[in-house]
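Take a look at the letters that make up each chain.
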Amino acid sequence: MSDFHPNEKGRKRTAGLWNVVFLAATLVGVLSLVTLVTSLIDSCFGYVVLQDAYAYSEVSVAPDKALASLTKDELVQTLRTTAEADLTDLTTGRLRLLEMDRPLEVRTEDDLRNLVITEVLKSEIKKSWSLMESLSQAPAITEFQKSRYPDGHLAFRSWLSPEFLTKAQSGGKAESNGLRGAIIGSLWIILIAIVIAFPIGLGSAIYLEEYASDNWLNRLIQTNIYNLAGVPSIIYGMLGLAIFVRLMGPITSGAIFGVQDVNGRTVFSAGLTLGILILPIIIINAQEALKAIPNSLRYSSYGVGATKWQTIWHHVIPASMDRILTGTVFAVSRAIGETAPLVVIGASAFLTLDPSGLFSKFTTLPIQIFTWSQMASPEFRHVAAAAIVVLLVLLLGLNAVAIYFRTGIQKAKDAL
Amino acid sequence: MNLDNTAGLDLKNVNIHYGDFHAVHELSMDFQSREVTALIGPSGCGKSTLLRSLNRMNDLIPSAKTTGEIVFHGKNVYDTDVDPVQVRRWIGMVFQKPNPFPKSIFENVAWGARINGYKGDMEELVVTSIQRVALWDEVKDKLQKPALALSGGQQQRLCIARTIAVQPQIILMDEPTSALDPISTAKIEDLLDELKKSYTIIIVTHNMQQAGRVSDKSAFMLTGVLEEFGTTNEIFFNPKNPKTEAYISGRFG
Amino acid sequence: MRDHFTQEIGSINQDMLKMSVIIEENIRKACKALVTQDAKLAKEVMSDDEKVNELELSITDRCVLFIAKEQPVASDLRHIVACLKAVSDMERIGDYAVHAARRAKDLADEKYIKPLIDLPKMLTLGEEMCRDAVLALVNGDTALARSTAARDQEMDSLNKQVNRDLLALMLDDKDNIKQGTRLQFLSRFLERMGDHAVTICSWALYSIDGRHEEF
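Protein chains in written order, with our numbering: chain P, 1 to 416; chain W, 417 to 669; chain L, 670 to 884.
Just chain P, with the same shape it has in the complex (with noise of 0.2 Å):
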């Protein structure tokens, strides 16, 4: 009893402040997150000051008529005559090119006031302010439009709105600018990557694990995967460039298949080089969710006489699928932020079509955010922060599928 000196004081408050330590830590993350999440949003929303370049008694089919109260024959009538009578700066061309894009027919009302709007009144956000600007200096914003831009008016617009998502990509000026490019791209380019490496991954773990045996050149596979999966994901890129666009470019750019026009740089060939970029994750985790089932699981099922692929297929694979399924989308998560790599590839920096098969060129999410935010116009941060909230909207996504796949498959098993 003599010999303990148990200084529970002492103990007590070493223990006291730790605890406060990791607070504080944790405290730090969560500051972090929400001063991003902030920043984003505060970016998103905002005053704007239009000022249309052409008025619009001038160039309305129907002038008395308000612009909002224009039908959508009124609209289309508007924007033809206008084009073909080049009363503004929207020309036959580019009518055209809207038109392939999508007919006027087919738009809606909406859609063809806002191309009315853009395209022909050539509405311009003259000066955007943020969202707490906005909200706190009002009065000033409201004196500042007046005396520099008696001519405009002031708007509050959503960056981040539906149309952001739908529109197209267009250069010149933020506020004509979509996504719709980018994402379908992202869409695509994932597609082909979780293709090609979900089902090569799989196979490699399985046949590492259950498999291969245990000597040198195993050994030495294993090593290397595990090195790829810590490699700079710009060498892929550069593997990417040399072989998927330089090397096989026949095959990737559509020439062997008798696509015209083109090059390796193609969706395909980003496709190929994320799949190959997440390939080793994929086997990694994998390999891992296989290792965890215990032999016990194995050895019940040869005791009844089973082979070894049946073994595998049965029961090794069923038991693990809810970790594979976890791992392989915490993956994609990853390749979907992937920037590097693609802009060695090729990513076009301006798309002006969408990508519309294995052969088209392409743009992701992360490369779009990227271009835009080196544009020099200051609007531009504005759909930067739009396409960085959708993209993080897009990986929440994603994560709350793979914990769905976790606790759902989780549950079917308990409950069966």
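A hint or two may mislead.
[What the hints assert, rightly or not] Pairwise CB distance ranges (calculated):
no.	chain 1	residue 1	chain 2	residue 2	range
1	W	Asp446	P	Ile403	51 to 61 Å
2	W	Asn623	P	Ser296	18 to 28 Å
3	L	Ala737	W	Ser444	48 to 58 Å
4	W	Asp446	L	Thr811	27 to 37 Å
Everything labelled a hint here was simulated from the structure, so no lab data went into it.
Since this is a predicted model, take the numbers as computed values, not measurements.
Beta carbons: idealized from backbone N, C-alpha and C, even for Gly.
With chain P's structure known, arrange chains W and L on it following the hints.
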């Protein structure tokens, strides 16, 4: 190979090595058909190793090497033209820790039979197998529920049902009740009395009293050598080998 | 290993020997009481038999408890069972010592029809056979068990001799019949003492190699 009658196993000069370690030495003995034979001995004496070699489960351990003959229906199961997967269908195994598949109770019993090409009435097979292990009353309304939700004793009986669904001739049991409570243990021991009417059973056990209760013959092993093999009555009443006497009296091991 | 187990078996063996010692003591006392016609000594024997009976019961209980808790097998089990069986034979031997004592007490005031020579010999032989039989059981001594069992022949011939002598005396004089018959009965009981000792020897052999042997 005429597989109509339940067979036993004849072992001749069996040697088992794990790498350099000589686990079982020159072992020869016969397991009689439709009897329960217990393998007893202290930890590390080679009884589990021997058991695993009888249905070629040792093949799954890369460093294990078995020589000698283990003859089943006149054929050595280690002949090069014998498929180990087939061996395990005729010589089934129940393990120490109950390990049902993470599937439903029904599937657990049906799966083995299905992959071995059972073309008869599967439902009848499952029901019969579960009845034979005295588990039917406890699971008859929840055949589709997960097997892992059962208690340890129930899981182990399910594992036995799974093994007999494949209709083997020999059942190997590696300390089947060592992870279970006394009541579950007693239920499974009662089962053995019934099962031995149809199967040859070889059971490894640490529990002397269990060996005495359930087995017809007992084999005592010490550091890989078969020290004594005889009827359980002889071994427990008047063993010939003093080492056997010392072990079963608990003087070592 | 199993210290408790070994200790307990040893302790049961000790009790067997203790019981044997008391019985031997009683036989000796009975013998002396008979020869010296000491009634008081005879009474001592009868009261000491209490202890013998108590020991029989306590040894029985200990053996049963030992089986329940320690689950002995093989030679340990055979030995415990042999002890269980032997204590009842030992208790009977003790009873015969009491018979002898009782006879001694009854005849204490009478004059013996003849000097007692063979009856004391039988008592002494009985004492020795009992001692040796129990020793053979406790020590697992096959040779001792066999030689002790063989001495039953002596007991039988002594019994025959006593009967012959007493018969002659009884035929000779009718007054001798009362005492004579009593002495004859005593002789028969003492002869049985030998038989029980032989039974103990056969249990000793059972403990050693598991066989039942008739001598």
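Each hint, compared with the structure:
1. W:Asp446 to P:Ile403: 51 to 61 Å: holds, 58 Å
2. W:Asn623 to P:Ser296: 18 to 28 Å: Distance hint for Asn623 (chain W), Ser296 (chain P) holds at roughly 21 Å.
3. L:Ala737 to W:Ser444: 48 to 58 Å: For Ser444 (chain W) against Ala737 (chain L), whose Cβ atoms are near 39 Å apart, the range 48 to 58 Å is violated.
4. W:Asp446 to L:Thr811: 27 to 37 Å: Hint holds: Cβ distance 34 Å, inside 27 to 37 Å.
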